[in-house]
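Okay, here's what each chain looks like letter by letter:
Number of protein chains: 2
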Amino acid sequence: MTIRAIGFDADDTLWHNENIFSLTHEKYRALLSPYADPAEVDPRLFATEMKNLRHFGYGIKGFTLSMIETAIELTGGRITAREIQTIIDFAHEMREQPVQLLEGVAETVRGLAASRTLMLITKGDLFDQESKIAQSGLADHFHHVEILSEKDEEAYRRVLSRHGVPPREFMMVGNSLRSDILPVAALGGVGVYVPYHLTWAHEREGEERAAEAPGVFRLGHIGEVPALVERLESGV
Amino acid sequence: MTIRAIGFDADDTLWHNENIFSLTHEKYRALLSPYADPAEVDPRLFATEMKNLRHFGYGIKGFTLSMIETAIELTGGRITAREIQTIIDFAHEMREQPVQLLEGVAETVRGLAASRTLMLITKGDLFDQESKIAQSGLADHFHHVEILSEKDEEAYRRVLSRHGVPPREFMMVGNSLRSDILPVAALGGVGVYVPYHLTWAHEREGEERAAEAPGVFRLGHIGEVPALVERLESGV
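Here the protein sequences line up with chains A and B, keeping their order. For any residue, its number in the numbering used here is found by taking its place in the first sequence, counting from 1, and adding 43. For any residue, its number in the numbering used here is found by taking its place in the second sequence, counting from 1, and adding 43.
Don't read these hints as lab results, they were simulated from the structure. What you are looking at is a predicted structure, and each value in this text was computed from that prediction instead of being measured. Be a bit skeptical, because a hint or two may be false.
It does not matter which identical chain is used: a pair holds within one copy or between any two.
Said to hold, decoys possible - Capping the alpha-carbon separation at 20 Å, the derived lysine to any residue pairs in SDA-like fashion look like this:
1) LYS70 with GLY266
2) LYS94 with GLU197
3) LYS70 with PRO257
4) LYS70 with ASP85
5) LYS94 with ASP132
6) LYS94 with GLU189
7) LYS94 with HIS135
Turn these sequences into a full structure, and let the hints steer you where they fit.
This is the structure in structure tokens:
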């Protein structure tokens, strides 16, 4: 087979992201501890996020609005305005986190860019994503950057058709089975699953289906991608 | 001259938007009226929005976070959690507003699409904008849709180069001098300013410069665009 283009997810594939959310979750549980059982906080917040997804999409701003809503609900309206300001401050702090590349990313991306068309395909808040891409120092290695509101089969079909890449000659590398691997495998492409040590519950859907899907590979580290490309192309 | 492609701004050029924000401003002033002089509310909110722009960008979610911050500040922290929930409910209501095309838009866009390359070039929240484009029923008339985080000279240069449109053969139609007209005129293209009856203060910047810029035209109604295109191309 030929792999004409390789797509990379961004958050938790190229750079750390979920650790920033995870740290905020921790501060949020601590903030609410006078009012609510910490064990109750995460499931309630997740439920609010899912309810709000159709209005707010992904990203820090929607997450922050969901934190505020959940806090009001969980405290029966007793949370103070000052504590809500603290939640908004979490958002400012999250936005100020410097982008930290995962180990091995810079070399792998630089190496592959020399011989392949690379695409950065990420979802989420346009504003958050653009500023992280700019900060990452990797932008020049990607021929195309696509920031999508959702990464499903239809979205991949559109992007690949726009760039004239046949799905069978496309490889997508990412840490989310739901958003990176399964939709690409369903189109006949290759999905390379490189798990991150933290994964948001919403992105963990489809773990069982993935284990059996053809065209899905699981690697322990992004640095193993070039060898996999070579192996697939040489047909061994 | 030849006009090879025509770009259209979306909010307040193709469909109503600022009226939804304006209505929310009204409800927000009413909500805060037990605490603050209504005349003080809008300037304070605008100041918070400007401060937050670099973290939150444009769109409903950033606006809502700025409303909450301003409310906490203006009330000296006395605003209640329930009132803050009301502000979040404003965001949900804004997201639920159906898209209302401006008068004359559907015919004009349909007519021009028959003979021209049309581009929809909007800025703001990816999620908000995509859902409005889908709802508008106009998506099929546009050859390219670009949702940008900022519409400045550099952003237009990138978009036009990607689509192989020389700036001198590009016309941009919009209601913001700052985001639609001046940057395009600076690149040597044609900016067609069609004012909306409400304009956010941030987008009103540059009114004096525009009056004198070459390549800037002001029309009273979007329905006059086809005649202007014809006039410019025939060189009369």
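Hint by hint, here is what the structure shows:
1. LYS70 with GLY266: The answer is neither: 33 Å in one copy and 54 Å across copies each exceed 20 Å.
2. LYS94 with GLU197: Classified as neither: same-chain Cα gap 23 Å, cross-chain 37 Å, threshold 20 Å.
3. LYS70 with PRO257: neither (41 Å within a copy, 54 Å between copies)
4. LYS70 with ASP85: within (12 Å within a copy, 32 Å between copies)
5. LYS94 with ASP132: So LYS94 and ASP132 pass the 20 Å test across copies only (13 Å; inside, 23 Å).
6. LYS94 with GLU189: So LYS94 and GLU189 fail the 20 Å test inside a copy (26 Å) and across (28 Å) alike.
7. LYS94 with HIS135: between (23 Å within a copy, 11 Å between copies)
When the structure is compared with the earlier hints, violations turn up for hints 1, 2, 3, 6 and for no others.
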